[in-house]
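One-letter residues, chain by chain:
Number of protein chains: 2
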Amino acid sequence: MTRSTPSPQWQNLQTQLPLWEAQLNTALQAPPSQAHAATLSDLTKSIRQALGDRGQGFMALGQINTSPGDLAGNARQIMTYIDTAEALGLDLIAFPELALMGYPPRDVIGRHPFLVEENLKWLQAIAKRTGQTYALVGFVEPRYQTGDDIKSATTPSPKTTGKAYYNAVAILGNGQIQGIVRKNLIPTYAEFEDARQFEGAHQAGVFPANALGKPESPNDSNRAAANLIDIHGHRYGISICEDLWNDADFFEKPLYAHDPIATLAAQRPAAIINLSASPTRSRKEQMKHNLCSHLSRKYSLPLVYVNQVGTVDEIAFDGASRVYNAQGELTARGKSFEEQFLIINPLLGLVLGLGTMAPLPLGLEATLSAPKTFNAYDTSDLGRTYECLLQGIRDYFRKTGFQRALLGLSGGLDSAVTVVLLADALGPENVLGVSMPSEITPDSSRQDAQTLADNLGITLVEIPIGQITQTFSDGLQTIPQKLNGHWGTQDARSNAADNVQAISRATLLRQLGNEYRALPVATSDKSEFYLGYATVNGDMSGALAPLGDVPKTKVRALARWLNEHRPLTVKTPKGVLPESVITKPSGADLKVDPTTGQLVTAEQELMPYEFADEIIWRIEALQQSQTTLHSVRFQYEENHPLDPTQKAAWLDTFFGRMARAVFKWFVAPPILIIEGNGSIAKSDYHHPIVAGRIQWAGHTPAEIEHVLSNPFSSP
Amino acid sequence: MTRSTPSPQWQNLQTQLPLWEAQLNTALQAPPSQAHAATLSDLTKSIRQALGDRGQGFMALGQINTSPGDLAGNARQIMTYIDTAEALGLDLIAFPELALMGYPPRDVIGRHPFLVEENLKWLQAIAKRTGQTYALVGFVEPRYQTGDDIKSATTPSPKTTGKAYYNAVAILGNGQIQGIVRKNLIPTYAEFEDARQFEGAHQAGVFPANALGKPESPNDSNRAAANLIDIHGHRYGISICEDLWNDADFFEKPLYAHDPIATLAAQRPAAIINLSASPTRSRKEQMKHNLCSHLSRKYSLPLVYVNQVGTVDEIAFDGASRVYNAQGELTARGKSFEEQFLIINPLLGLVLGLGTMAPLPLGLEATLSAPKTFNAYDTSDLGRTYECLLQGIRDYFRKTGFQRALLGLSGGLDSAVTVVLLADALGPENVLGVSMPSEITPDSSRQDAQTLADNLGITLVEIPIGQITQTFSDGLQTIPQKLNGHWGTQDARSNAADNVQAISRATLLRQLGNEYRALPVATSDKSEFYLGYATVNGDMSGALAPLGDVPKTKVRALARWLNEHRPLTVKTPKGVLPESVITKPSGADLKVDPTTGQLVTAEQELMPYEFADEIIWRIEALQQSQTTLHSVRFQYEENHPLDPTQKAAWLDTFFGRMARAVFKWFVAPPILIIEGNGSIAKSDYHHPIVAGRIQWAGHTPAEIEHVLSNPFSSP
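So the protein lines, in turn, are chains A and B. Read left to right, the first sequence gives residues 233 to 947 (the working numbering). Read left to right, the second sequence gives residues 233 to 947 (the working numbering).
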């Protein structure tokens, strides 16, 4: 296919379709009603007429928000979209990876294989209802004979090896399953853990329908001609998520020996379609765009990419499904962080696509062409960060069945940003702020909390904690005497008295949450998690930690961004966050310095957050060691003169605190993953708690020599 | 080699060696001193003389307890053992998988690649110090050129693909690295996650030393002759952990297409040596023994298996390194749950081995020949459970740098069993019991706690919590008024008032822990975790949850076992646990039934634990669904008549509570993994929190039909 100038008819369609598509999506998302059904019906007729007959390559991308294991909910959504596509007379509709089961199912399908049986029942029922519009539906395919007890299935000879399931796509049409595509490349790193449950297939493209439930056999090995599937006169190459991500020209270090896209492209399909559940992370949009553009250009083939939307616990998927033409140009793109029925046509070869070219989150478009460098102070990601956090909060509450949130509102930066996110995600009527001052809480903090609550239109209540912490203190007073010196005297460095304030606050929130069916939300940020500057069962406790992957400097930048870009209202004509909240030094407000009489700030206790955040970035993005960090020049040092001794001391503090913080990561609530190169979220990073004896600065040859020449000595 | 009758000289050695070996291990474990060095020297000379010259196949298994990332500590231990083996004139010494880095390193080596550089430095320094005794030392081998920045290494052409590291073994001897063995099979399921960081090699056996740091090349593909390594005249086949576990005759469903042991065995080595870090789980000892016996018999080859000992967070390794002769008979076995320097000779083909034949934990030997059936009421595992829990506690405290523990001692079963474990693991002087009665705590419970503390010789202090919970209640009292009906009235089913008791107790423990550098320990058991019958930030909170994988009925059985098998002392002449603790109904002692005036028991609120535990067992071991559970006859039903309606109601309660409990699993402290077929420990099982809409009973065809024929309706 070559690039062509669109005919006037298509030019007209290019203008009209986005408007129709917007109406269609509004109708699909509205609560069902008679009026709604009529609108949908009229709209569908108009669009169908404009698009013309089947066989022209018009298709839909069903960018849906699934929940793992919610077969009825996912299937209903899939069926709604299929029926719509059928009514529109489209050639096909493609859904994201594992759309029926919901991605990622994690280990649930291993422990509860009945769910896989159930997903086959739903799949077959959906297949029966398909007509001329083909549907590409992701599902979990068992690799062994199915039945009541998968384990006792008769074993074929030679024995089939491998995990029990394929991560698969069924091609449904004309009332039946027409073929099956199986994921080849099984990502197992960072937030991906496919290899725990899924076996990768060795062959790209389509397996016949009668292969369902049977593993690849060695006899299948040369079936290249069968790699494509013909749908209404066009042959498509179909692949699943990671299969797209192994190009040897694009990646410096490809992860897999085999490249399924190369296999498909060699068959010269009309287009390659990829069904994904690809998480969004900072700087990933750039890589995704460049990869898709590279592949379509490299093979001179249109590329269609349909991506899941929605958040599953810690992992966010951003949608933004898209089409690239054979010249590598982006011709259509769905919305980010929103469900969408997207009408496209990859075969027209247009420079401007059909239907939507939805904008990326604010600021992100500029990064697509930016050089691939790292920058600790990058602010172009704040729009995506905001939308990603909103989706994460919204989906966590909706999918766990809660509407209301509450949090401690201290007047500090983290809780202020968190409450704005909660109000925007859940509605201000569903958010309760609780001010829980102690004797040392400054009036200005309480006033800031009230101003913010007023700006947002949320309810704020106050519960002083002085009496509570006093009774704890009273309860413990007699203990040294009862212990009778048995364990010596109390640790002078104990921070028990500070922590009890944080825990008392979390306890009040949890009780209120119990009483009003609301989830308490943790406010700890990424810098605090790295530094262990968070109280177990206290401020880091809650149902969700929205800022747990946002470093403090980025929280502050996000606060400024909110004041600038969040829509102003009558209530908040000047920006929602009081300036004092953004500018005042961060601190836990847990103790007073006896010499100054002032509250001790976090940076006094630890180090400047700007410096700490650069360490985090250098560890995660550049994998730099403590030794390297000591010798490289920090961006921080450009603006702040830094004595090498001070730098070394801060580095020691950082690594020492990080090693002890690992326990806190282990018991942290879900953290919404935001950053590009790492996080401490449990779905993303695993670090043994007992790995506490790592010598972060490494060992010198002399130290190694000393240990090995005195092996019998005590450690 | 054929089975031979040992000569009188060997018979003598068989008698003498176990005694020497015991002395040797005592000396190796004692704190270093002049006297100790002299003993060791004398002993070594005697043993060396008895064993005779090198080249006879005498070797040591270095069953050590490593810590992930503790290169200096692990290297010191390795060097001590190598020096001892050299002094004894042994042919070789084999250490467990990844002995130098410590297994499992998890993602730490990905985020901090300097640790891999460091492990190479240590490896090379150890190599230099080796003499005629060869050492097999597990280490992390980078697959790309090493240097300051692994990422920027020049990429070879064609591109090398795959993960950055091999899980490898270096064969060290005569001052250098003699060869490298790379793990072929990369386990990624349950507690294993090797595929996140490690690439599997395709070739079994030994790579030349100059291959270090370079990935397999396609040109290596036919190097079968190089699969073995010659050490003092004997050719050995060396493999790593999972490489042993893929026999197509033994396993109904082998996980991998390739069997490295078959490759090695085809070269007819003198013996196969496997370096493992193989976790212990209920019923696994049976499988391990049968597999090793099967393989050595199948190939008529001696099999040497060296296994790591010690616990890493949730995962316990039990040692029990061993030798099987070519007839599949066990001829030597190291201790379980203890470090050991084990002298063996797999080449003698003796029926009785040399050195140790250490017993398995009490009761476990009988299971080796038991039929492979499941039994929910199996008690043969209690000895192993006890030792596994002790090791888990001891290692968690030692490796995180703590000596002291404290816990709430309620007089209930879970805290009673936990405190015995703590006292046995850490010493009674390091354990503090805290009784924290509320107004509804019965005097009998307080008395039981005191009796138990006296029996154990631990300190018990009392802190009533009535005032604390009262101030919380006071603090909240004004809230409904302040909320002004905004969120309606309080949820009548709220258990806030119950939970605050549990949280207040945990808070007191945490404060005391802070003040005395002691770790608070959680007491929740596996049944409670499954049923969500545990309070977040309350009883399920702590540094460690020792009983988190022990179901309630097994806790009770363990309590009886403790009274029977724990050594009696002057203080506890009759069994440490008061009978009333074992027999009284379990409950959280958090509320009183207003109609009876009695404390509400857990079984009244939930269901009989015997029934719940059988559900857990059937889910984990048999993967039975709710529908299947409803139709199968429970063992519970043999003894208790059960109405189908009641059974259905309990099943509904169980699955409903389980789905909501997933959040609690996510924020639980480390749980010591004990059971064989599953747990809810985070290292073992991943379940999305938002997978809350799973229809555990499945859908009928009519339900499916209804949803799909009304797709546009609201869910």
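The hints are simulated quantities; they were obtained by calculation from the structure and are not laboratory data. Accuracy of the hints is not assured; some may be wrong.
Cross-link-like lysine-lysine pairs, in silico, DSS-like; alpha carbons within 25 Å at most [said to hold, decoys possible]:
no. : chain 1 : residue 1 : chain 2 : residue 2
1   : A       : K391      : B       : K803
2   : A       : K485      : B       : K803
3   : A       : K446      : B       : K714
4   : B       : K567      : B       : K516
5   : B       : K391      : A       : K516
6   : A       : K485      : B       : K391
7   : A       : K391      : B       : K714
8   : A       : K806      : A       : K816
9   : A       : K714      : B       : K485
10  : A       : K803      : B       : K391
11  : B       : K485      : A       : K516
12  : B       : K803      : A       : K530
Per the computed footprint, the stretches of chain B lying under chain A, defined by three or more beta-carbons under 8 Å from a beta-carbon of chain A, are [as the list claims (entries may be wrong)]:
no. : stretch
13  : 485-499
14  : 781-787
Since the model is a prediction, treat every value here as computed from it, not as a measurement. Just so it is clear, CB atoms sit at the ideal spot from N, CA and C, and this is done for glycine as well.
Subject >> Indices of hints not satisfied (ascending) >> reply: Of the numbered hints given earlier, those the structure breaks are 1, 2, 3, 7, 9, 10, 11, 12, 14, listed in rising order.
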